[in-house]
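Peer 1: Here's the letter readout for the chains.
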Amino acid sequence: DAKTTQPNSMESNEEEPVHLPCNHSTISGTDYIHWYRQLPSQGPEYVIHGLTSNVNNRMASLAIAEDRKSSTLILHRATLRDAAVYYCILRNPTTSGTYKYIFGTGTRLKVLA
Amino acid sequence: EPEVTQTPSHQVTQMGQEVILRCVPISNHLYFYWYRQILGQKVEFLVSFYNNEISEKSEIFDDQFSVERPDGSNFTLKIRSTKLEDSAMYFCASSEMDSLSRYFGPGTRLTVL
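Residue numbers (this note's numbering), protein chains in the order written: chain A, 1 to 113; chain B, 1001 to 1113.
Pulled out of the complex, with its shape left as it was, chain A reads as follows (with noise of 0.2 Å):
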């Protein structure tokens, strides 16, 4: 299974833009990239998701490396309920036709009032 590296933990200040990293080297050419978040006591929430462009909704943007290798999602203005476990993740397609969804650590973002 392709494996994403992400830093353990980010801060940003509240109302600044965030840049939160995601390495996927082994990426293969089927897989599409999906940001979850967790808030504290809350299941995962669905954030973004994309397969080579670049990509916006009303939560973030998520621009995706020409390469494939790595990804960035980007919260345009952080604000302190965006304090939460971000998770990059790679949805690959298994030998039955069916789609795994791996959980790494994630990265901790903390947001600074």
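Hints in this document: simulated from the structure, not taken from any laboratory.
Check the hints yourself; a few may be wrong.
Said to hold, decoys possible - The calculated lysine-lysine pairs, modelled on DSS-like cross-linking and capped at a C-alpha distance of 27 Å, are:
no.	chain 1	residue 1	chain 2	residue 2
1	A	K110	B	K1042
2	A	K100	B	K1078
3	B	K1042	A	K3
4	B	K1057	A	K100
5	B	K1057	A	K3
6	A	K69	B	K1078
7	A	K3	A	K110
8	B	K1042	A	K100
9	B	K1042	B	K1057
10	B	K1078	B	K1057
Note that the structure is predicted; figures quoted are calculated from it, not measured.
Assemble the complex: chain A is given as a structure, and chain B must be docked to it using the hints.
Peer 2: Positioned in the frame of chain A, the structure of chain B alone reads:
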């Protein structure tokens, strides 16, 4: 916005007892999942379920675990004879298709004494 719900929020049980954790997935979703997270550790995949049968399971999902969709709305995880190491947060998730984003519930905290 539709959401996945789980009951109970916290379950305390004695070692060796059976527990049933309940989930109500989002109504038009067809794929259902259980994950667990031991305190301070990663979110781990347990099982996926589609069309009334298990489509994928992890090595954690051994014979003491079972899943069922007893009616059109509920999805349950049964642990037949709980062990101390089963203490964890258990998250239910659902998706429209296996390849699409998964929506997680708030979790059930299981404490085995």
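Peer 1: Work down the list of hints and note, for each, if the structure agrees.
Peer 2: Evaluated hints:
1. A:K110 <-> B:K1042: holds, 19 Å
2. A:K100 <-> B:K1078: Holds. K100 (chain A) to K1078 (chain B) sits at ~22 Å (cutoff 27 Å).
3. B:K1042 <-> A:K3: Given that 27 Å is the threshold and the Cα spacing comes to 14 Å, the pair holds.
4. B:K1057 <-> A:K100: At roughly 10 Å apart (the allowed maximum being 27 Å), K100 (chain A) and K1057 (chain B) satisfy the hint.
5. B:K1057 <-> A:K3: Answer holds: K1057 (chain B) to K3 (chain A) is near 19 Å, not above 27 Å.
6. A:K69 <-> B:K1078: violated, 40 Å
7. A:K3 <-> A:K110: Holds, because 24 Å separates the two Cα atoms, which is no more than 27 Å.
8. B:K1042 <-> A:K100: Measuring from Cα to Cα gives roughly 15 Å; hence the hint holds.
9. B:K1042 <-> B:K1057: holds, 17 Å
10. B:K1078 <-> B:K1057: holds, 14 Å
Figure legend: structure checked against the earlier numbered hints; the only hint not met is number 6.
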